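The listed protein sequences correspond, in order, to chains A and B. Under the working numbering, read the first sequence as residues 1 to 111, first letter to last. Under the working numbering, read the second sequence as residues 1 to 111, first letter to last.
Among the hints, a few may not be true.
What the hints assert, rightly or not - Reference excerpt, derived from the structure (chain B facing chain A, CB under 7 Å, subset only):
no., residue
1, I12
2, L14
3, C75
4, L96
5, S98
Said to hold, decoys possible - To give an idea of the interface, some chain B residues facing chain A are shown, with a C-beta separation under 10 Å as derived from the structure:
no., residue
6, P15
7, V17
8, S86
9, F88
Hints in this document: simulated from the structure, not taken from any laboratory. Since the model is a prediction, treat every value here as computed from it, not as a measurement. The beta-carbon is built from N, C-alpha and C at its ideal position, and this holds for glycine as well.
2 protein chains.
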Amino acid sequence: MRRYFHPDPEDICLPEVLFALSDATRLGIAVDLSDGGERTAGELGGDIAKSTMTHHLKILREAGVLRVRSEGTRCYNSLRLADLESRFPGLVDQLLSSAARCGYTSADARR
Amino acid sequence: MRRYFHPDPEDICLPEVLFALSDATRLGIAVDLSDGGERTAGELGGDIAKSTMTHHLKILREAGVLRVRSEGTRCYNSLRLADLESRFPGLVDQLLSSAARCGYTSADARR
């Protein structure tokens, strides 16, 4: 089973989180996952090229925004809501609601 | 007098604002200006090379985070707090207080 790097909660850095979310597709992925659910890259990306989605998900994961869980041959992505909330209280809720209000949704991840 | 481009409030985009703030120096500049004051590049940057500060201030200005005002031969930078608040209610306060809590201050702009 492939192991993915995830930063420890105390190593999550604000500039890296902001960079990870500074792209319409990645912001859309985060909004899509803000219900606390898990999605595969295919479910998140729709028609986006697999290599492009892999790149976006890697940036989100390495910044500490996403967690990836392997199960058999599939990988499930979820937001690290509790870790982000403990690191930056109130910020991620505010960011995701601003993003949703501006119209960034999972549809952006499928453009 | 040199004219600087500033996006209209309705053209300020969330991903661009997040990108502008995804750097420790630029985050420190924004925290430094969050008192509503105006600063010259020299006051903000300290020992940072002038060309580097010009680059950082341009990214912040073009994203709609900063406003630049010319007066004689000097340029004064201030945060567009009201425009950002009307565009993304609650977000910028939350972002700047998270940044200040994580220790990003004007000192980061002088590293």
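Would you settle whether the hint for V17/B is holds or violated, based on the nearest Cβ-Cβ distance to chain A being less than 10 Å? Hint on V17/B: holds, closest Cβ of chain A at ~8 Å, below 10 Å.
Should the hint that P15/B touches chain A count as held when the rule is a Cβ pair under 10 Å? Hint on P15/B: holds, closest Cβ of chain A at ~5 Å, below 10 Å.
Min Cβ distance, C75/B to chain A: is it shorter than 7 Å? 25 Å, violated
How about S98/B: closest beta carbon in chain A under 7 Å, or not? Cβ of S98/B sits 4 Å from chain A, so the hint holds.
Status of the hint placing F88/B at chain A (closest C-beta pair under 10 Å): Holds. Min distance 4 Å.
Using Cβ atoms only, decide whether L96/B comes closer than 7 Å to chain A, and label the hint accordingly. With a closest approach of 10 Å, the L96/B hint is violated.
Restraint satisfaction for L14/B [CB to CB of chain A, less than 7 Å]: Constraint on L14/B satisfied, holds at 5 Å.
Does S86/B pass the interface hint, meaning its C-beta sits closer than 10 Å to a C-beta of chain A? 12 Å, violated
May I ask you to test the interface hint for I12/B with respect to chain A, counting a Cβ-Cβ separation under 7 Å as satisfied? 10 Å, violated
Of the numbered hints listed earlier, those contradicted by the structure are 1, 3, 4, 8.
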